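Visitor: This is what each chain is made of:
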Amino acid sequence: MPQTPASGPPPPTPSPATTPPDIGVSPAPDHLTDPGGAREPQAATEPRAAAQHGRATEPRTAAAPAEPSASAEPGAATQPARPDASAEPSPSAEPRGSGEPSASAEPSASLEPGAVPAPRRRLSGGLVRAAGLRIGAVLFLLVVWQLVAAARIWPPVFVPEPAAVWEEFLNTTTTGFSDYTLQEHLLASLRRILLGCLYGITGGIALGLVIGMVPTVRALLGPFVTFVRTLPPLAYLSLLVIWFGIDEEPKVWLLLIAALPPVAVATADAVRGVHEDYLNAARSLGAGRLQLPFRVVLPSALPEIITGVRVSVGVAYTTVVAAETVNGVPGIGGMISAAQRYNNTDVVVLGIIVIGLSGLLIDFLLQALDRRLVPWRGRA
Amino acid sequence: MRFLRTRLFGVAAVLAALLPLAACGGGDDGAAAPKDGMPAQIRIGYQLIPNGDLIVKDQKWLEQALPGTEIKWSRFDSGGDVNTAMISGAIDIGLAGSSPVTRGLSEPLNIPYQVPWIFDVIGDNEALVVRDGAATDVKGLAGKRIATPFASTSHYSLLAALAEAGVAESAVKILDMEPPDIQAAWQRGDIDGAYVWTPNLAELQKNGGKTLVTSRELAGRGKLTADLAVVRTEFAQQYPATLRVWLQQQDRAVKLVRSDKTAAAAAIGRQLNLDPQEASRQLDQLVLLDAAEQRSPEYLGTPDAPGKLAENLRSAAEFLKAQGQVDAVPELSVFQKGLATKELADAFPGQ
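Chain order of the listed sequences is A and B. Those letters in the first sequence? Residues 1 to 380, per my numbering, in order. Those letters in the second sequence? Residues 1 to 351, per my numbering, in order.
Since the hints were made in silico from the structure, they are not lab data. Remember, it's a predicted structure, so these values are computed and weren't measured experimentally. It is possible that some hints are incorrect.
Which bits of chain A does chain B cover? Going by a derived footprint, with three or more residues having C-beta under 8 Å, they are [stated by the list, open to error]: (1) 155 to 165; (2) 237 to 245; (3) 339 to 346.
Just so it is clear, CB atoms sit at the ideal spot from N, CA and C, and this is done for glycine as well.
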């Protein structure tokens with residue numbers, strides 16, 4: 001069932017075919033291989049995909065002329081999302097596009113209109129299955145957890161029951177823990193992570209760019225970045241406390257130091273991996289000194305940089321508990337270490353779950369960002 | 001269908017993997033050994049506090065008195081960690097402050113352990129110090145930033161001092177920090193004061209700290225804090241003879257402090273990396289009790305008449321209940337049973 005619409009009609013979107021031309025040049029390569037690309041924003045696609053299911057058979061059988069006007073609407077509705085998805089890379093891809101053989105742009109024009117929505121529709125069925133699997137896995141874990149807790153093999157201090165953790169969730173969100181509610185703890189931590197990642201990622205991209213492009217800097221700073229990357233955060237936290245005090249600075253610094261190296265390494269590697277042809281093409285077309293890094297190197301390194309960003313946000317997230325061991329309240333890590341002091345395992349487990357879930361959410365957002373910024377990933 | 005079957009196999013595999021885990025987690029008592037009296041191994045959790053325990057460790061008295069037994073010393077930094085280790089059955093005998101022990105004996109922890117010995121009554125080695133000019137008395141702490149390791153005896157004493165002075169806990173910004181971090185924050189000027197213990201306390205006092213109240217003063221006013229020994233009940237029942245030897249060595253250490261201060265201070269100095277003078281000074285800040293004093297009604301008491309320590313722990317529990325640190329205040333009898341008075345009496349029959 002889910003497979004049919006995929007092989008099915010490309011037509012539903014021909015109506016907006018008027019719009020693509022302005023975006024047609026840049027994302028050309030992706031649409032060539034589009035059916036293979038199965039990664040799509042899930043939540044957003046579902047309702048639309050469902051709508052298209054209903055219509056899917058129609059263009060084939062029923063009046064084609066009548067349909068376009070009807071399908072123009074949903075097609076148009078999706079349009080705002082697409083242009084900026086593909087428009088954004090367009091400036092970046094410009095130099096490349098111009099450097100590449102123009103032949104690649106040619107077939108794309110013919111494929112484009114129908115090819116884009118196809119994988120989205122195919123995914124809806126798979127999505128249901130994937131969602132079902134995930135829910136099933138979570139339920140299974142909950143059941144195992146409940147069984148293990150109820151068996152009382154270990155005292156509740158070791159394995160609190162799901163119900164106790166849930167109760168703690170209600171408690172902490174209303175009356176709070178350590179004078180702050182769970183939301184306030186989480187918000188304080190997210191703020192630190194945001195700041196630390198912002199500084200860390202900006203610094204990491206800049207550093208990586210320089211390391212990747214300038215051999216002298218690479219020789220000088222490369223080992224240093226690797227050195228910092230291997231340090232466990234708890235080892236230098238006490239140093240940061242001595243240098244920066246006990247308030248926000250040491251925490252943000254710690255997260256910065258944790259977040260910077262992965263991006264720097266990923267950027268440096270990606271920059272070094274930029275195809276020589278792109279650079280030569282851009283140079284021969286008269287690209288300036290500053291245009292080269294910002295309009296050719298960075299855009300083509302973007303997929304790997306974004307992977308680095310995802311890794312570094314993850315690292316920052318794992319570091320937040322360490323960052324908040326010193327005066328970390330409010331903060332989700334501070335909450336966990338405070339609860340741990342009192343052997344309040346319910347709250348510890350709750351904190352872990354909250355960190356895990358919010359981490360998942362953030363990674364999901366980053367993946368969505370990835371799709372927006374680098375729709376050509378894996379296809380260029 | 002085959003899909004389903006493989007998935008069921010997966011479930012079975014996970015369960016199969018979990019079961020042995022469950023089996024080995026339950027009855028974990030690492031001291032499993034010959035039943036004839038002496039265990040093969042005693043796992044002791046100690047802390048760097050200048051009391052008799054460090055002398056016993058330094059002089060290897062336990063190793064000598066129990067030749068067939070391996071003595072495994074593990075260092076802990078706080079009573080909370082000792083509680084955790086006790087719950088998991090990872091140590092047999094440990095040192096924890098009266099606050100952690102109160103929590104351990106109360107809901108929801110209910111750790112099956114007993115107090116056979118008081119290592120020391122906390123005196124001048126824990127105190128509330130403030131930066132010069134920050135405050136002249138406890139009342140003046142309102143609006144100040146005071147650091148203390150949460151869930152410790154210092155935390156308890158700080159809250160008790162605030163309550164005594166009529167300062168609302170919410171009026172003071174109390175920060176949870178480990179002693180070394182407190183020292184760092186103090187040097188940077190990030191905190192106005194701290195309730196903490198030696199050796200970090202001594203550093204703060206050297207760096208212009210003004211002492212507002214000490215635990216010795218609070219103890220005099222009924223808010224006694226102490227460093228207690230805890231022994232797993234199961235261990236105490238299984239190896240009473242071993243526990244007697246352990247108690248006798250502790251008494252010997254206290255007697256050494258009284259008879260030969262220099263030797264005792266040297267031993268403690270070696271363990272704490274302090275010169276003997278400083279070790280001797282820190283030793284003086286604690287109140288050590290020999291076996292006869294331990295058995296007095298003031299402290300552990302006797303099997304027929306459990307001592308006042310039980311009441312002390314209970315009033316600490318009342319205090320902790322108000323702080324939301326324990327779920328309920330247990331009956332006095334719970335704390336009386338928590339004192340290993342019989343073991344203490346057996347170890348020193350002549351007295």
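Visitor: All the hints need checking, so say for each whether the structure fits it.
Guide: How the hints compare with the structure:
no.: 1; hint: 155 to 165; in the structure: holds (count 4)
no.: 2; hint: 237 to 245; in the structure: holds (count 4)
no.: 3; hint: 339 to 346; in the structure: holds (count 4)
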